[in-house]
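Trainee: Sequence:
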Amino acid sequence: MNYLKPVFSKRIFVLVLLSLISISFIFWSQANHLSNDVTHLRLTAGLPFLNLIENKVNITYLKDTIDIYYYKNNVLYFLPYIEQNQMGDSILIEERKYSCFLFDKDSCSGYFFGSLEGTFKAKKLSVDSVLTKRGYYGMDFYLDDKCTYIEKVVESDGIVMEKYYNKDNILNLFYHDSIYVYFDKRLNDIGLSISKSIDKMKNQKLCKVRLIFNEKFSEKHHVMLPKREMYFEIKKIENNNPAETINIIEKLNKEIGAQYSRR
27 MNYLKPVFSK RIFVLVLLSL ISISFIFWSQ ANHLSNDVTH LRLTAGLPFL NLIENKVNIT
87 YLKDTIDIYY YKNNVLYFLP YIEQNQMGDS ILIEERKYSC FLFDKDSCSG YFFGSLEGTF
147 KAKKLSVDSV LTKRGYYGMD FYLDDKCTYI EKVVESDGIV MEKYYNKDNI LNLFYHDSIY
207 VYFDKRLNDI GLSISKSIDK MKNQKLCKVR LIFNEKFSEK HHVMLPKREM YFEIKKIENN
267 NPAETINIIE KLNKEIGAQY SRR
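Remember, our numbering sits 26 above the position in the sequence shown when you count from 1.
Calculated directly from the structure, the hints in this document are not laboratory data. Mixed in with the good hints there might be a few duds.
Claimed, not checked - Cut-off 30 Å, straight-line C-alpha distance, at most; resulting in silico cross-link-like pairs (DSBU-like, lysine-lysine):
#	residue 1	residue 2
1	LYS131	LYS89
2	LYS193	LYS150
3	LYS150	LYS222
4	LYS262	LYS228
5	LYS193	LYS234
6	LYS226	LYS123
7	LYS280	LYS262
8	LYS228	LYS123
9	LYS211	LYS280
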């Protein structure tokens, strides 16, 4: 009987297994390293719109979501838009697409790409202009003397919620009656801000704000305006495919260099 054959086979199996584990660890280490290089934030806004139809008020809620990526000195905004296509006389197809805006941190200008489909075409624009119009840049909320503190709650994930009531808001129909602010110290190192005033005042990052509008009667329209809520929120998202994000940023930078080096 050949006793060497099974022993030799076991050794080969062990060596193959160790090799696979080593390769898997290398790929995991590379993916983990790339993931640490890319920061993915998501800015979400919930906006209520009042529609007066036949003396009745209806609320339409618009949810806007913007994904933001930070890689080295690059900041990339994905800006969603709806493309509408008419087919025939009445069939309307709506498709959600994305434009994007790439700029360097602390830069005054960046490059806007109307689409990521086909040939990329960059347009140099002001950072303030683009993000103010489309990225909710420059918005601010305040906790002034008119805001009466109600309560503070520490949630299970460590996020701190504070509730305030606006005691002077009786006659203003379109100003919030209550404001809920949420803080997350884990986001203190990010540059994106919902309210720089509150960040500075509380010395921690405001990650979410909820504005509550109570039910009120409108003398002008002779209707009751329903209770509604507006909110803005920042979340840090786990990036499952950082290599794809880096690839897109590098392609856009290459295209910017090619287009603007010829001028």
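Trainee: Take the hints in turn and mark each one as holding or not.
Mentor: Checked hints:
Our distance criterion of 30 Å between C-alpha atoms is met by LYS131 and LYS89, whose separation comes to about 27 Å. At roughly 46 Å between alpha-carbon atoms, LYS193 and LYS150 are farther apart than 30 Å, so this suggested pair is violated. A C-alpha spacing of about 27 Å is found between LYS150 and LYS222, which places the hinted pair at or below 30 Å, so the restraint holds. Annotation: proposed proximity of LYS262 to LYS228 holds, straight-line Cα distance about 20 Å (limit 30 Å).
A hinted pair counts as satisfied when its Cα atoms are at most 30 Å apart, and LYS193 with LYS234 qualifies at roughly 22 Å. For the given pair, LYS226 sits about 36 Å from LYS123 by alpha-carbon distance, which is inconsistent with the 30 Å threshold. Under the criterion of a C-alpha separation no larger than 30 Å, the hint pairing LYS280 with LYS262 is consistent with the structure, at around 28 Å. Between LYS228 and LYS123 the CA atoms are separated by roughly 37 Å; this puts the pair beyond 30 Å, and the hint is violated.
Under the criterion of a C-alpha separation no larger than 30 Å, the hint pairing LYS211 with LYS280 is inconsistent with the structure, at around 36 Å.
Consistency with the previously given hints fails for numbers 2, 6, 8 and 9, ordered from lowest to highest.
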